[in-house]
Amino acid sequence: MSLNILRPGLLTTVQDLGRHGYQADGVVVSGAMDAVALRVGNLLVGNAEDAAGLEITVLGPRIRFEADHLIALTGAHLSPTLNGRSVGMNRPVWVAAGTELAFGAAAAGCRAYLAVAGGVAVPLVLGSRSTYLRAGLGGLHGRALRAGDVLPTAPPTPLGQKLMAMLAALASPKTWAQASYTPGPRLCGTPLPATTVRAIAGPEHEQFSPASQRAFWQQPFRVSPEADRMGYRLQGPELNRQTNAELLSGAVTFGTVQVPASGQPIALMADHQTTGGYPRLAQVITADFPVLAQLRPGQQLWFQRVTLAEAQALYLAQERQLRALRRGIALRVNLTP
Amino acid sequence: MPTPAADVRLFPLGDAAVVLEFGHAIGPETHRAIQAVRHYLTQHPFAGLRELVPAFTTLTVYYDPWLLNGQGHRLPYEQITEVLRQLLPAALATPVASEGAVVEIPVCYGDEFGPDLEAVAQHAGLSREEVVARHSAPDYLVYMIGFAPGFPYLGGLDARLATPRRARPRLQVPAGTVGIAGAQTGIYSLPTPGGWQLIGRTPLRLFDPTRAQPSRLQAGQRLRFVPIGRAEFEQLQRNEP
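Going line by line, the protein sequences match chains A and B.
Under the UniProt record's numbering, the first residue of the first sequence carries the number 1, and numbering increases by one thereafter.
Under the UniProt record's numbering, the first residue of the second sequence carries the number 1, and numbering increases by one thereafter.
It is worth saying that the hints were derived from the structure and are not from the lab.
These numbers come from a predicted model, not from an experiment.
Treat the hints with care, since some could be wrong.
[To be verified] Now the in silico label distances, taken between C-beta atoms and shown as ranges:
1. A:Ala105 <-> B:Ala167: 42 to 48 Å
2. A:Gly104 <-> B:Pro241: 44 to 50 Å
3. A:Ala171 <-> B:Gly195: 56 to 62 Å
4. A:Leu170 <-> B:Arg74: 45 to 51 Å
5. B:Glu82 <-> A:Thr195: 32 to 38 Å
6. A:Trp302 <-> B:His24: 29 to 35 Å
7. B:Glu130 <-> A:Thr307: 56 to 62 Å
8. A:Pro210 <-> B:Arg230: 43 to 49 Å
Every residue, glycine too, gets a C-beta built ideally from N, C-alpha and C.
The whole structure should be built from the sequences, with the hints applied where relevant.
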């Protein structure tokens, strides 16, 4: 079973939930920028949440399925079609061998995910299938997908097989069929163009002038064209640190907002370096990484300050919802003859 | 003097990591304390522990708030800091496993491998041979691996060799290149852009994802640079995967 990449799109890479456990070796985590979207997609096709799928950026690829597959599209709405007909987001879809997936206008968001039952079966590198482009690690030969690439997929789980059989029965004799159900908007909301991103104060927050602190929490920033999987440079009010004391390099992570001497902040993303020496003004909360991940260059965002207690409550609430979705999918299969 | 547990400051790095800060000065004693706690937590992991990242004066503990949840109604952060506070005295008292033999890193200095050797020599007012002799004399301590996979931050550079970074960074520095930046010296582990003064190159691969331990060097190790000639460089390079 395999996916045949007819056109690669702007930037399509294999991603899972990241390469954990090697940051002490300087190995970046990588993984899906919008991990919730990938996890939801995997749950919808009966996969383990950490199975590998495709991260699709703004301009979608064209892909032919070389065998019957069960898929789900999550994250950004890039107007997906199957054999030229519009297909829904955030639901399991059965596709017959020979069906072609394509994308049209980027309606909302920046990154869509294609989850496929069984998962994309490129080799594990240091425990992960995620592509880290800068070091050429993981994914398909460590690089973005190209036309002509053939990606192997693994067999679906028993749950995936049941879902597949249910939808295949609906499809006959069509070439594809989608489920009518979709998780609620809290898990699969449409990314909006102007957004609030919640964050807590970073370790060096108090080193910034009171005016800079106020500006950071009260004024909008714009995602600059220099925004990639490593980090987003943000444009907005100039932020000044009150001290020139040199900082020693220490850990930085996904969502760390660091401010170099230029005064323009950088929000670190999935391919963030493991350590850094710039002052850390803020730290975006984990529950809002998907919001950040779906922003495109040119879009505006506001930072809203929350406490660590609120951040962790939101983290736990998001995990609870994902667990409820997992139970819901299993229930649906068992209840349906 | 071992670091007292009360001197370790704990603060959050977001909602899924806590930083243990062992003072503000780079030094072998701080480094030893960080390694002791790192080894102890590796040997005695607690539920929810994800990953440990040592740096110059800090050890960052990544954790899963979900797995720390469920013990009453307290914040996962409160729970992890309590766990760490309880473990710290024993962790700090852990004898750090012997650093082992000094790791020898063969380096071919100068020429196209070290195009800035002359600039470093001029800045220091030394001959090129003296720069090589001083650079390959000390045992360096690997304080941390960061910046790029397998890239070591080394302590112990001869103060005389400290040289400012290049005004214009190079677009591509070959893997294995040994450089100097201010009072630091290190080795580029992968081909990357870089602004350090380049003085030589090792034929060894510092990072290989196919190895069980992908980074050849680890924080806490000691290493020494061993000058080699071009013939030996080429022979060693052929033997590397």
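Going through the hints against the structure:
{"no.": "1", "hint": "A:Ala105 <-> B:Ala167: 42 to 48 Å", "verdict": "holds, 46 Å"}
{"no.": "2", "hint": "A:Gly104 <-> B:Pro241: 44 to 50 Å", "verdict": "holds, 45 Å"}
{"no.": "3", "hint": "A:Ala171 <-> B:Gly195: 56 to 62 Å", "verdict": "holds, 58 Å"}
{"no.": "4", "hint": "A:Leu170 <-> B:Arg74: 45 to 51 Å", "verdict": "holds, 48 Å"}
{"no.": "5", "hint": "B:Glu82 <-> A:Thr195: 32 to 38 Å", "verdict": "holds, 35 Å"}
{"no.": "6", "hint": "A:Trp302 <-> B:His24: 29 to 35 Å", "verdict": "holds, 34 Å"}
{"no.": "7", "hint": "B:Glu130 <-> A:Thr307: 56 to 62 Å", "verdict": "holds, 57 Å"}
{"no.": "8", "hint": "A:Pro210 <-> B:Arg230: 43 to 49 Å", "verdict": "violated, 59 Å"}
Violated hint: 8 only; the structure is consistent with all others.
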